[in-house]
Amino acid sequence: MSLADYARQNGLKRIGARPALLDYIAEAWKRRDFAYTMSLYNSQAANARNRLGRWWVVLVPTITALVYGLIFGVLLGSSRPANYIPFLFTGVFLYSFISTTFGSGAGAVTGNLGLVRSLSFPRMLLPIQATIQQIFALLPQLVLLLLTWVVFGMPITWNWLLLVPIVILMILFSTGLALISARLTVHIQDLTKLIPFLVRIVFYVSGIFFNMEKVLRNYPTALAIEKYNPIYIYVSLARATGITGYTMTPFMWYAAVAWAFGTLAVGIVFFWKAEELYGREE
Amino acid sequence: MAEKSNETRRPVVVVDGVHIIYKVFASGRRATKGASVGSRKFSRRLGLREVHAVKGLTFTVYEGESIGIIGSNGSGKSSLMRAIAGLSPIQGGAVYASAKPALLGVGAVLLPNLSGEKNILLGGLAMGFARKEMVENTDAITKFAGLEDFIELPMRTYSSGMSARLRFAIAASRDHEILIIDEALAVGDQEFRNRSEARMREMRDNAGTVFLVSHSMKSILDTCTRVIWIEKGELIMDGEPQAVVDAYNKHTGSTTID
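If you read the protein sequences in the order shown, they are chains F and D.
Take 1 as the starting number for the first sequence in our numbering and just add one per residue.
Take 1001 as the starting number for the second sequence in our numbering and just add one per residue.
Please note that a few of the clues may not be correct.
Straight-line distance between alpha carbons at most 30 Å, and here's what the computed DSSO-like set of lysine-lysine pairs gives [what the hints assert, rightly or not]: (1) 1250(D) with 13(F); (2) 1232(D) with 1250(D); (3) 13(F) with 1232(D); (4) 273(F) with 1218(D); (5) 1100(D) with 30(F); (6) 273(F) with 1143(D); (7) 1100(D) with 1218(D); (8) 13(F) with 1023(D); (9) 1143(D) with 30(F); (10) 1055(D) with 1100(D); (11) 30(F) with 1132(D).
In silico contact screen, one side only, chain F against chain D (beta carbon under 10 Å); selected entries [to be verified]: (12) 6; (13) 10; (14) 11; (15) 23; (16) 26; (17) 46; (18) 74; (19) 120; (20) 273.
Simulated from the structure, these hints should not be mistaken for laboratory data.
Here a beta-carbon is modelled for each residue, glycine too, at the ideal position from N, C-alpha and C.
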């Protein structure tokens, strides 16, 4: 009798074997309190180190938006989109959530090796924890965003409630991105150097500070492709809920839902496939 | 918990021909002989080196045993322990166990920016314990680690001895079926060592299996019922603690037992 048979006969299980996908997700769900508590503590610790503490959570995107507003607002001149400040703030705030989630997902496994090497738990919780941390930062930003809408004279309507499903879909989409980047950086550490460029490129092609329809009106192919750009879709949907002069189409909703669940599913499977590799020596 | 079989001893951990190979980017100047200047430069930069840390180890551990693992530095002890705990991947063979082993290593920092208290809670939650249970145990864990005055400070401010004590206290707060302690006690002071050795014996008596990696032959002899000696990733000797330790001491040329 081989040792493997002997072990199995005595009810021993193979250690380190990747669990089945559903077991894995169930195990992660059981420890959701860990992911939540870790993200809460991490954001508290991150805020405690600066004098202005948690205010930076809203200050950083506001300053970013103001800088872009100043530069592009002047550059674009009369071709500025309508209601430029609410338009720009919506784009910058939402995109900063998606991009920081993607970026912090990249460090979720590689930056917590001490934890990965000393405790065994579904590693998926690490990128998820990084995402939750960004959600904590997003909520005050959304409050500030609605304030800017009001200040710049956007009428308050029931349509604003549509922001809730839009933000949820965007969070699901970003969680998928965080899972993907978490695994990619484990394979290729160099990727962390490229992420800022990637984030910048997507920023420029997603209509964060300019009106896609206006700029690309002479390039129908490019515009047709942009209609599928998930970031453009989430930002446009959010703008259409409250900023005068912007509308949503059913297609945008279908695409937003498809991107959210598609990216999340791909992210979970992609991350889970390498579960055995996390924490190895390199 | 587990019933004692009368006829045969119940195996708890089966290590079956385990190989561990690390692929490391070597950055040193280990120029290949006879190569041309250009290719040497290239190979130095992309010097992917394989380190065969564990070479086909096989052994079986039974219920209620506590195993001492000895060997010189770099012999593959820690690699093997991490593989048993399922924390680092193996390239050949397999490890089977009756429960997921909990590993307590010396290099492991949990979350350096968080206080000891928060690390206690998070460590427990990650191991799958309920929040209520961990909150109730926090004081006992702090007391066991002897860190009452420092538990509010971030863990990065702890000395290595203090953080090792805290990690041990977290892991030992609950009975584990299989607990692996990798030199985690070496940095503690004598008083803490006595306390933790007592706790290890207690866990072993509760039908738990303990692996202890240590360079202190005294700790090994005091707590273990069986000793495995590994050298260069291969098994040299496996048996009665006194016999293995004597052989090891003879090999290393040391006469004292600590």
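Hint check results:
1. Only pairs whose Cα atoms come within 30 Å are accepted, and residue 1250(D) paired with residue 13(F) is rejected, the gap being roughly 38 Å.
2. Proposed proximity of residue 1232(D) and residue 1250(D) is supported: the alpha carbons are some 17 Å apart, at most 30 Å.
3. With a C-alpha separation of about 28 Å, the suggested pairing of residue 13(F) with residue 1232(D) holds against the 30 Å cut-off.
4. Only pairs whose Cα atoms come within 30 Å are accepted, and residue 273(F) paired with residue 1218(D) is rejected, the gap being roughly 44 Å.
5. Simply put, residue 1100(D) and residue 30(F) have alpha-carbon atoms about 16 Å apart, close enough for the 30 Å limit, and the pair holds.
6. Among the hinted pairs, residue 273(F) with residue 1143(D) is inconsistent with the structure: their alpha-carbon atoms are about 41 Å apart, more than 30 Å.
7. Using a Cα cut-off of 30 Å, the hinted pair residue 1100(D) and residue 1218(D) holds, with the two alpha carbons roughly 28 Å apart.
8. Taking the CA atoms of residue 13(F) and residue 1023(D), the gap is about 27 Å. The hint holds against a cut of 30 Å.
9. Our distance criterion of 30 Å between C-alpha atoms is met by residue 1143(D) and residue 30(F), whose separation comes to about 29 Å.
10. Proximity of residue 1055(D) to residue 1100(D) is assessed by CA-CA distance (about 23 Å); at most 30 Å being required, the pair is judged to hold.
11. For the proposed pair residue 30(F) and residue 1132(D), the alpha carbon gap of about 15 Å is at most 30 Å, so the pair holds.
12. Checking residue 6(F) against chain D: minimum C-beta separation of about 7 Å stays under 10 Å; hint holds.
13. The interface hint given for residue 10(F) holds, since its Cβ lies 5 Å from the closest Cβ of chain D, which is under the 10 Å cut-off.
14. Because the beta carbon of residue 11(F) sits about 6 Å from the nearest beta carbon in chain D, less than 10 Å, this interface hint is met.
15. Of the supplied interface hints, the one on residue 23(F) is violated, with its beta-carbon coming no nearer than about 13 Å to a beta-carbon of chain D, more than 10 Å.
16. Interface hint status for residue 26(F): violated, as the beta-carbon distance to the closest one in chain D is roughly 12 Å, over 10 Å.
17. A distance limit of 10 Å between C-beta atoms decides the matter here; for residue 46(F) the minimum to chain D is near 8 Å, and the interface restraint holds.
18. For residue 74(F), the interface hint is violated, the least distance from its beta-carbon to any beta-carbon of chain D being 41 Å, above 10 Å.
19. For residue 120(F), the interface hint holds, since its Cβ comes within 10 Å of a Cβ in chain D; the closest pair sits about 6 Å apart.
20. At its closest, the beta carbon of residue 273(F) sits 13 Å from a beta carbon of chain D; the interface hint therefore is violated under the 10 Å criterion.
Consistency note: the structure conflicts with the earlier hints numbered 1, 4, 6, 15, 16, 18, 20.
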